[in-house]
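Work the whole structure out from these sequences, hints included.
There are 2 protein chains.
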Amino acid sequence: MKLNEFQNILEKKNCDFAVFYTADSSRINPNLFYFTGYSGIGILVVPKKHRPFLIAPQMEFQRAKKSSIKKVYSMEKKRFFESAHSIIKKNSIKTKNIAIDKNNFTLNSYKHFKRQFKKSKTKDIALECLKLRGRKTEKEVQILRKSCNYADNILQKTIKNFESFKTESEVSAFLEYETKKLGLELSFNPIIASGSNGSMPHYEPKNIKIKNGFCVIDFGVKYKGYCSDITRTIYIGKPSQKERGIYNLLLGIQEDSIKMVKNNIKCSGIYDFVCNKLGKYKNNFTHGLGHGVGIEIHEMPNLTLNSTDRIKDNMVFTIEPGVYFPNKFGIRIEDTILFKGRVKVLTRTSKHLLIV
Amino acid sequence: MKLNEFQNILEKKNCDFAVFYTADSSRINPNLFYFTGYSGIGILVVPKKHRPFLIAPQMEFQRAKKSSIKKVYSMEKKRFFESAHSIIKKNSIKTKNIAIDKNNFTLNSYKHFKRQFKKSKTKDIALECLKLRGRKTEKEVQILRKSCNYADNILQKTIKNFESFKTESEVSAFLEYETKKLGLELSFNPIIASGSNGSMPHYEPKNIKIKNGFCVIDFGVKYKGYCSDITRTIYIGKPSQKERGIYNLLLGIQEDSIKMVKNNIKCSGIYDFVCNKLGKYKNNFTHGLGHGVGIEIHEMPNLTLNSTDRIKDNMVFTIEPGVYFPNKFGIRIEDTILFKGRVKVLTRTSKHLLIV
Numbered sequence: 001m002k003l004n005e006f007q008n009i010l011e012k013k014n015c016d017f018a019v020f021y022t023a024d025s026s027r028i029n030p031n032l033f034y035f036t037g038y039s040g041i042g043i044l045v046v047p048k049k050h051r052p053f054l055i056a057p058q059m060e061f062q063r064a065k066k067s068s069i070k071k072v073y074s075m076e077k078k079r080f081f082e083s084a085h086s087i088i089k090k091n092s093i094k095t096k097n098i099a100i101d102k103n104n105f106t107l108n109s110y111k112h113f114k115r116q117f118k119k120s121k122t123k124d125i126a127l128e129c130l131k132l133r134g135r136k137t138e139k140e141v142q143i144l145r146k147s148c149n150y151a152d153n154i155l156q157k158t159i160k161n162f163e164s165f166k167t168e169s170e171v172s173a174f175l176e177y178e179t180k181k182l183g184l185e186l187s188f189n190p191i192i193a194s195g196s197n198g199s200m201p202h203y204e205p206k207n208i209k210i211k212n213g214f215c216v217i218d219f220g221v222k223y224k225g226y227c228s229d230i231t232r233t234i235y236i237g238k239p240s241q242k243e244r245g246i247y248n249l250l251l252g253i254q255e256d257s258i259k260m261v262k263n264n265i266k267c268s269g270i271y272d273f274v275c276n277k278l279g280k281y282k283n284n285f286t287h288g289l290g291h292g293v294g295i296e297i298h299e300m301p302n303l304t305l306n307s308t309d310r311i312k313d314n315m316v317f318t319i320e321p322g323v324y325f326p327n328k329f330g331i332r333i334e335d336t337i338l339f340k341g342r343v344k345v346l347t348r349t350s351k352h353l354l355i356v
Numbered sequence: 001m002k003l004n005e006f007q008n009i010l011e012k013k014n015c016d017f018a019v020f021y022t023a024d025s026s027r028i029n030p031n032l033f034y035f036t037g038y039s040g041i042g043i044l045v046v047p048k049k050h051r052p053f054l055i056a057p058q059m060e061f062q063r064a065k066k067s068s069i070k071k072v073y074s075m076e077k078k079r080f081f082e083s084a085h086s087i088i089k090k091n092s093i094k095t096k097n098i099a100i101d102k103n104n105f106t107l108n109s110y111k112h113f114k115r116q117f118k119k120s121k122t123k124d125i126a127l128e129c130l131k132l133r134g135r136k137t138e139k140e141v142q143i144l145r146k147s148c149n150y151a152d153n154i155l156q157k158t159i160k161n162f163e164s165f166k167t168e169s170e171v172s173a174f175l176e177y178e179t180k181k182l183g184l185e186l187s188f189n190p191i192i193a194s195g196s197n198g199s200m201p202h203y204e205p206k207n208i209k210i211k212n213g214f215c216v217i218d219f220g221v222k223y224k225g226y227c228s229d230i231t232r233t234i235y236i237g238k239p240s241q242k243e244r245g246i247y248n249l250l251l252g253i254q255e256d257s258i259k260m261v262k263n264n265i266k267c268s269g270i271y272d273f274v275c276n277k278l279g280k281y282k283n284n285f286t287h288g289l290g291h292g293v294g295i296e297i298h299e300m301p302n303l304t305l306n307s308t309d310r311i312k313d314n315m316v317f318t319i320e321p322g323v324y325f326p327n328k329f330g331i332r333i334e335d336t337i338l339f340k341g342r343v344k345v346l347t348r349t350s351k352h353l354l355i356v
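Protein chains in written order, with the numbering used here: chain X, 1 to 356; chain G, 1 to 356.
To be clear, the hints were calculated from the coordinates, so they are not data collected in a lab. One thing to keep in mind: the hints can contain errors.
Which copy is meant is left open, because identical chains are indistinguishable; a pair holds if it fits in one copy or across any two.
To be verified - Calculated cross-link-like contacts (lysine to aspartate or glutamate; reagent style DMTMM-like; alpha-carbon spacing at most 25 Å): (1) K114 - D313; (2) K77 - D272; (3) K209 - D16; (4) K160 - E204; (5) K206 - E185; (6) K78 - D309; (7) K71 - E204; (8) K102 - E11; (9) K96 - E185; (10) K111 - D16; (11) K12 - D124; (12) K102 - D24; (13) K160 - E178; (14) K102 - E299; (15) K181 - E204; (16) K118 - E5; (17) K2 - D124; (18) K111 - D24; (19) K139 - E204; (20) K123 - D152; (21) K242 - E178; (22) K78 - D272; (23) K89 - E243; (24) K111 - D309.
So this is what it looks like as structure tokens:
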């Protein structure tokens, strides 16, 4: 995606090329994937003017050849950056100023990199990449819509079957099975947090009986490498009037904050709105209001207290207020949203309190 | 694990404390988890003499309190290292020499870190941590045994049901469902590579009909945070004499290389042995022979051409020779092994060529 636009940025920043790497098959480099569609081990070099190329180890060569990058080299040297250096030299690319993504570059990789590019200056390109990826292309919007559709369908099937599950793990396993069966990946390990476990926003489901009370289900799939993200909180048993009241308060706030979204609005402003509306429950809201969604499950924009981001066309992000009462319960309601002239909610599963 | 041993290392390296962080809930910091059992967002500070402590954001505070670290602080400042700096100062801990893990520290995190610890010197502790984790404690060995048992059972159940699967994705979904149902995690996304897809060692299963011929199944679970890793290659249809021949050659080599393992043997020596035995197929073996297994799926020791590692007591690692014929097929046979005076194969699923 947006390779030309990125090369213009390199030109403006006076960088001869940018380099991205993934050394570990279990950790996708989001920018490398963004520019190539390749999720394996390797190095991507994007010169400011010439065609970009990939360097992949022999074992990954066939996969790399299937990426959107036409020029693929097999890693010839023992070390990643040694190979990169030799191929860059062969291609007569200058090495005076090199753009690197300092969010995805470890200190030890940098040491190896500097051994090869001793005299080069490096410039951080992390923010520029995040910004590029923050505003989706039409193709990405299509993929994200579909990713959200899949998440909706799987979540609804799971909720419909809810009475057949005994443990939190069974719910998680079912979500995952339905995801994998369709050839999709999870965006993240699903959160199934029943009863008092729901008070931990990042709780990991356990092989324990589902507790009565609220049950937070936070789930998303990856379709063609793009994440969706949705949370619904259902109720096992019979909610009290007070519990219903808190749920409906949160739901109203979630819906109102979605309605607030407009072009150029400050993300921190939407966050503030939610805090104010929560009134006495303000301190029970212990995380950000939302985050961009794309190749990574957390990307730009950030809808948090201190964010300086603003909503722009073609941003896809979550709105997910929650309230947590330690050792008691938690409630979170989350949708993935597209802004494009107006707000479009991409996750469509009902938000009425479902009682099982 | 091994916190005292680690504090002795800090003493020897003349470091006042070590600091580990995780900023992203989807990426476990293996050392932070090793020392704490905590897998969430936060910072771990291990002073060379005093009690270690965790700093966690408010939303993760309850989870952090359940870790093995008794002293847990709630993050009070906006930025991670700002909080860490203020708490370290309050605890009157010197900040002259700080140990950091440069394999798990990005350039941008380092920038934020240095803003707080301007005058401090940093020393890399990555290798020391890998070495500590490379030799498992009794407790870890127990957990790894169990992790391998689970992987065996789930894999065997999957193979038994193999005829009911139509697509690669269905096999992957079944493996994952059985894993999650037991409250376990995957070590990595399973590889189900049928027919010509098997020639890509890191192939990702697709929602396509399972092809005839060899089918590589590479799978592992995480039990209590510890990985297992096993690969079996089965055959769909009727193998030719030549195919049987290659399979049995590889199997013989895999078994012989396991028998070779003894105390203090060079890992590169075992790799060389396999290459020699492969004869004319040597160039079809395109990856390392094995890797340590623990909290991470790839850790010390490395069984590769250039490795300087040697096998020591209480190491747990894989032996996984493979041969790959581009656009034709691939075969890999992998076990997770414990060395403790003698070799013990922890993954016990049959390696006779199974024909479906």
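These are the hints, each one checked on the structure:
no.	hint	in the structure
1	K114 - D313	neither (39 Å within a copy, 36 Å between copies)
2	K77 - D272	between (53 Å within a copy, 18 Å between copies)
3	K209 - D16	neither (58 Å within a copy, 45 Å between copies)
4	K160 - E204	within (22 Å within a copy, 30 Å between copies)
5	K206 - E185	both (21 Å within a copy, 10 Å between copies)
6	K78 - D309	between (42 Å within a copy, 16 Å between copies)
7	K71 - E204	between (42 Å within a copy, 22 Å between copies)
8	K102 - E11	within (19 Å within a copy, 31 Å between copies)
9	K96 - E185	neither (40 Å within a copy, 45 Å between copies)
10	K111 - D16	both (20 Å within a copy, 24 Å between copies)
11	K12 - D124	within (13 Å within a copy, 35 Å between copies)
12	K102 - D24	both (17 Å within a copy, 15 Å between copies)
13	K160 - E178	both (13 Å within a copy, 21 Å between copies)
14	K102 - E299	both (15 Å within a copy, 24 Å between copies)
15	K181 - E204	both (22 Å within a copy, 13 Å between copies)
16	K118 - E5	neither (28 Å within a copy, 37 Å between copies)
17	K2 - D124	within (18 Å within a copy, 37 Å between copies)
18	K111 - D24	both (17 Å within a copy, 23 Å between copies)
19	K139 - E204	between (33 Å within a copy, 23 Å between copies)
20	K123 - D152	neither (41 Å within a copy, 48 Å between copies)
21	K242 - E178	neither (35 Å within a copy, 38 Å between copies)
22	K78 - D272	between (52 Å within a copy, 16 Å between copies)
23	K89 - E243	neither (66 Å within a copy, 43 Å between copies)
24	K111 - D309	between (33 Å within a copy, 21 Å between copies)
Going through the hint list in order, the structure does not satisfy hints 1, 3, 9, 16, 20, 21 and 23.
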